[in-house]
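Colleague: Two chains, two frames, a set of hints: combine them into the complex.
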Amino acid sequence: MKKIMLLGDEAIAQAALDAGISGMYAYPGTPSTEIMEYVQNSAQAAGNNVCRSWSANEKTAMEAALGMSYAGKRAMVAMKHVGLNVAADGFINSALTGVNGGLIVVSADDPSMHSSQNEQDSRFYAKFAMVPCYEPSNQQEAYDMIFDAFETSEKYSLPVLFRITTRLAHSRASVELRDSIEQKPLTLPSDKLQFVLLPSVARNKYKALLETWEMLKFENRLAKYNLFTDRHSRRLGIICCGIAHNYLLENFGEETVEFPVLKISAYPVPKDIIRDITDRCSEILVLEEGYPFIEESIRGILDNGIKVWGRLDGTVPRDGELNPSIVGKALGKKTGSVMKVPDIVRMRPPSFCKGCGHADMYNALNEALLAYGPGRVFSDIGCYTLAALPPYNSINSCVDMGASVTMAIGAADAGLFPSVAVIGDSTFTHSGMTGLLDAVVKNSPVTIIISDNSTTGMTGGQQSQAEGRLQQICEGIGVHKEHLREIIPLRKNHEENVRIMKEEFEYRGVSVIIASRECIQTASRRKKEEASKE
Amino acid sequence: MKNDIILCGVGGQGIISIASAIGLAALENNLFLKQSEVHGMSQRGGDVQSHLRISDRNVFSDIIPHGSADLILSVEPMEALRYLPWLSEDGWIVTNSNPFVNIPDYPPVEDILSEIRKIKNNIIIDADGIARAAGFPRAGNIVILGAASSHIDLPFSSLENAIRKLFGRKGDEIVEGNLKALETGRDFRC
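Residue numbers (the numbering used here), protein chains in the order written: chain A, -13 to 520; chain B, 192 to 381.
Incorrect hints may appear among the rest.
What follows is a set of in silico ranges between Cβ atoms, one per label pair, in the way DEER data are often shown [what the hints assert, rightly or not]: (1) A:D329 - B:K361: 35 to 45 angstroms; (2) B:A325 - A:D329: 35 to 45 angstroms; (3) A:E468 - B:R360: 48 to 58 angstroms; (4) B:R360 - A:G286: 57 to 67 angstroms; (5) A:H480 - B:K361: 33 to 43 angstroms; (6) A:T420 - B:D296: 36 to 46 angstroms; (7) A:Q30 - B:G320: 44 to 54 angstroms; (8) B:D317 - A:Y358: 48 to 58 angstroms.
Rather than coming from a laboratory, the hints here were simulated on the basis of the structure.
All of these numbers come straight from a predicted model, not from anything done at the bench.
Quick reminder that beta carbons are idealized off the backbone N, C-alpha and C, glycines included.
Extracted from the complex, chain B is given alone in its bound form (with noise of 0.2 angstroms):
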């Protein structure tokens, strides 16, 4: 079993929680686990990137080589484009369709949809809209999470168990919308 995944979207967006929930799911599984992620200058608003590697035998290289990625699960559109090179020819694209647009020249968001529907696996989400309505405005990433859920090797329980221990501290208000979260967005069908 491996399963390399990038992680995408822009700095501030909280990209991190979802790499945390998803390794901490991995350990509970007992598997291998490397996690490269971006500190430093491109954090201020720039495109940033994780590159999480799940095995069940040793990893090697902190970070996926390029056309191995079987998933690229990204919180806005245009980074779910960026990291292409990196995705399998059988990899899946699992995507906020929210766009995070704050440099001047962002293209038309339906031209980037349907770049991305050009991809033979594709899942486009409206997480935002959906954690609003449901009641958890500020869970998208992990509705995120959820859609992509079927695609990560992983029991759908030990995510739930991630979800715990991440947001235990938080409360059981959040710890439950969470956890909402990501069922809704494992229920999502496009």
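This is chain A alone, in the form it adopts within the complex (with noise of 0.2 angstroms):
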């Protein structure tokens, strides 16, 4: 059999198309971004015409594998935690309808929010939308658990939630392929009305969905991926979640933990296996990254049960991700000695690159912006963020995707004045037009700068849905031509910039300045390319 060396992304790539995925759909968000990346790289995916382009945000994609499941074939959809924000309309519902080809939507949790505005934990959406949820230990345990998943899908007819946290996202080891199967033909639903939620079809399906989840409990008492160990102990039993329980073994080794082991990475979680660990031990130690979700589940709002240890009681952090030494600390094991960090180590946030005309632009609209005073730029998430930071200090929200265009309406009709959006071009076509439309129908009197690299930048530089098309879409919406304006952000253009700016901010009415100016990452990237070819 074959081995190669994959991240955790790249293994549940590889094994999506091994299980005969015909769609892969995302919008790209560390730390999933080369689930999707690896796909489109893939020689076995373009022999297999696998469909694998970004969608603008993760609600469509999610939709479009949905859409692709209605017809037979298998699909796979991924995103960052918070894209499955965004995509909670269409994945809540898809339990409901249910599949027809087996659909797995991967969710990339960022506990210790290195990429991230949060660290909520995707195990939550799996339990209220009432779906089965995997989540890997390991590289290898990811590709295998690729094709299981995909099996529950197609057999129960429910989308499953596919857990990974940052840190299997991104390291890589070895990982054993299996034969690849083959795609599914396009076959529809049997019951034309299986995707129809109205609500006579939906009331039934919900009490469908509700008797299929006691059976996936019940399922779940003898999947593979639920181990119980017993060992000698009587006193502390440990229940670990995923990836928490490499941590274990790394402080421990396989042949010295004393205490019975229950590691959990298939959920529900049915009463029965709890209660093997439960019976036999008189307190547990539950070890999960991310939120308290099997703790809390064991203690109950009354916690006057069995002793629990966890991230409730501070035994582990309440917050951030965990690592052996946390694990390690938790179980009471001696630590050597650790040095510290010298008082002389500065931090070093990231920062724009050189070259980079995001910079340019923020060195205009802070120089427009000095006779009206601070606090007055919504700003959205990606590169251009890093503008929240000296010396620019220019934005004064980050908050979801989108946001910028809509909070800078809502503060416009609270009476600030400008009220300024800046937004990339990606994030723009991701969640910033419906806000955009709202501001022209009402004619806001806000001024959107629409920051375009023509690329998503903080990615590593996928391709953009607005590339070429961001004046069609803002004159399509209904932006006066005189109030959309194109600017190049470049030193040499500053003042004229300035000014454009300092015009369209007393326009009391909706303003566009998109600044575009291609990515120096992007342009010496596909530079390089070009190179190459010729």
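Modeller: Written out as structure tokens, the structure is:
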């Protein structure tokens, strides 16, 4: 069998290809981006004609994948954890419609917020929607689980949530591959109303889902991914979820753990397997990456049962990702001496690349706003969010994809003048366009700067759906031509750009300023590729 | 046999190519390997690190426990210090001496270097200068890898083979330059 080195993300992508997907759908987002990138670069995917274009956002990706499933073929959709918020409407309801071809929704959580706005735990979404959830602990398991997840999806006619976290997504290890399965033929659902969630249909569907949920718990008693290993201790038992299991073994090695261990990697978790361990031990330590999901359910509101240690009592920190040292400490393991970071070491936050167009745009914006005072710029998610830091200190918000435009509208409603939004090209087509329509319809006095670097920069330069379309989109939504301005953010244009911004601030209606200059990283990569083709 | 290595530097300095070279060499020797990388926001000029773990036995954790790294291999001197909590008491620091200054409050480089010298086992190398003088200015990374090679439990020839694989597509000249860089680094004595 073939063995290759793969990131966790890549193992998932390769498994999906080997399990015969016909479509891969995604919007870039750390730490999930490499799943789609792998599929896009795969000769196997090209040879099998697997659909693999980026989607405008996670919701459109989710829905397209559901459409592929409707047509009887296997599909995967991948996103970062907050992307699942965007896709939630389709995701939750897909539990009611069910699937036809197998459907896996990968959500990559980012505990410790390495590249994110929060550290929400996607397992809650699986419970909320009442769908099965898998959480692999290593790259090989991630690969193998995808095959089972597709089977589970088709067996119960439900999408499966596949939860990973940053460390697995971005860590490389050797993975043994299986023979690949052929893609499924186009087959329509036998029940023509399966996907029609009219209330009368949905009520029945929901009753059926409630029953399936209990069946899933029953199935997970025997799931090979929920593994109970009994050992001699009767004092402490350990429950580990997903990647936490690695940190336990790192501390003790497989031979020397003295505690009974329940490793959970398949949800929902039935009562029986929890009982296996709570009946044997007088205390339980719960180790899980993310929120205290299992811990809370074992404690219950009253928390008057078995003694539980975990994130809620401070045995494990309440926030942030786990690591071997935290787990060792929770188990009372003595640590050797650890050196400190010397005081001389300074923070080195990420910053704009040399020659970045966003930087020139912000220099102009800062000057244009001098006369009005600070606190007037709503921004969004992308490289341009770095202007929150010195020396720019230009922006006053970064909340969720598209919120710059709509928060600017609300603040203008409240009387803030000028009310400015700064949004990137890819973020604009992700979720900014609908907000712009709101602004146009009520002629809101806002100035929206689309900082267009013609790529999805922060995640490594993926194709932007906005490329070459921004002006037409804005015109089509109804922005007046005379207030749809285009500038090139270069130092030599600084004075002119400041003047244009000031003019548009003073206009009491919707202005859009498109500041276009290709991302310096994307440009140099493109030039290298072009040179190598010649 | 087990080597836990922290590779570090600043986003864009290309620590991934060092990681790939060690990874390929480890695979050639049929070792277990886990390599955790940083993708995303920090790649924009922030501090980046990769945890590389090679062993003749199964590796569990993707990240190295505190106080247990055998080697910090850094392409930037201040970054070498940032990961001291991971270094074991007997561990080595092998670092480039040339600062990458992209923050306003970067400390005097002499202060940084004297802090590094406080660590028992340290090698400070002007990798960029050596690479430039030898006529392969872009191979500073590989000079540092060469300087660290005696503290990595892999045959030197495996690292050479890895360089050949890694740069093979870029032509013989680049391969030879990087092999020379690896050798020059290995022969460096502070």
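Colleague: All hints are to be evaluated individually against the structure, with a verdict given for each.
Modeller: Cross-check of the supplied hints:
1. A:D329 - B:K361: 35 to 45 angstroms: Holds - the Cβ-Cβ distance for D329 (chain A) and K361 (chain B), about 42 angstroms, lies within 35 to 45 angstroms.
2. B:A325 - A:D329: 35 to 45 angstroms: About 36 angstroms separates the Cβ atoms of A325 (chain B) and D329 (chain A), which means 35 to 45 angstroms holds.
3. A:E468 - B:R360: 48 to 58 angstroms: Holds, since E468 (chain A) and R360 (chain B) (Cβ atoms, about 52 angstroms apart) stay within the stated range.
4. B:R360 - A:G286: 57 to 67 angstroms: Taking Cβ atoms as reference, R360 (chain B) and G286 (chain A) lie about 59 angstroms apart, which means the hint holds.
5. A:H480 - B:K361: 33 to 43 angstroms: 39 angstroms, holds
6. A:T420 - B:D296: 36 to 46 angstroms: 42 angstroms, holds
7. A:Q30 - B:G320: 44 to 54 angstroms: 45 angstroms, holds
8. B:D317 - A:Y358: 48 to 58 angstroms: 50 angstroms, holds
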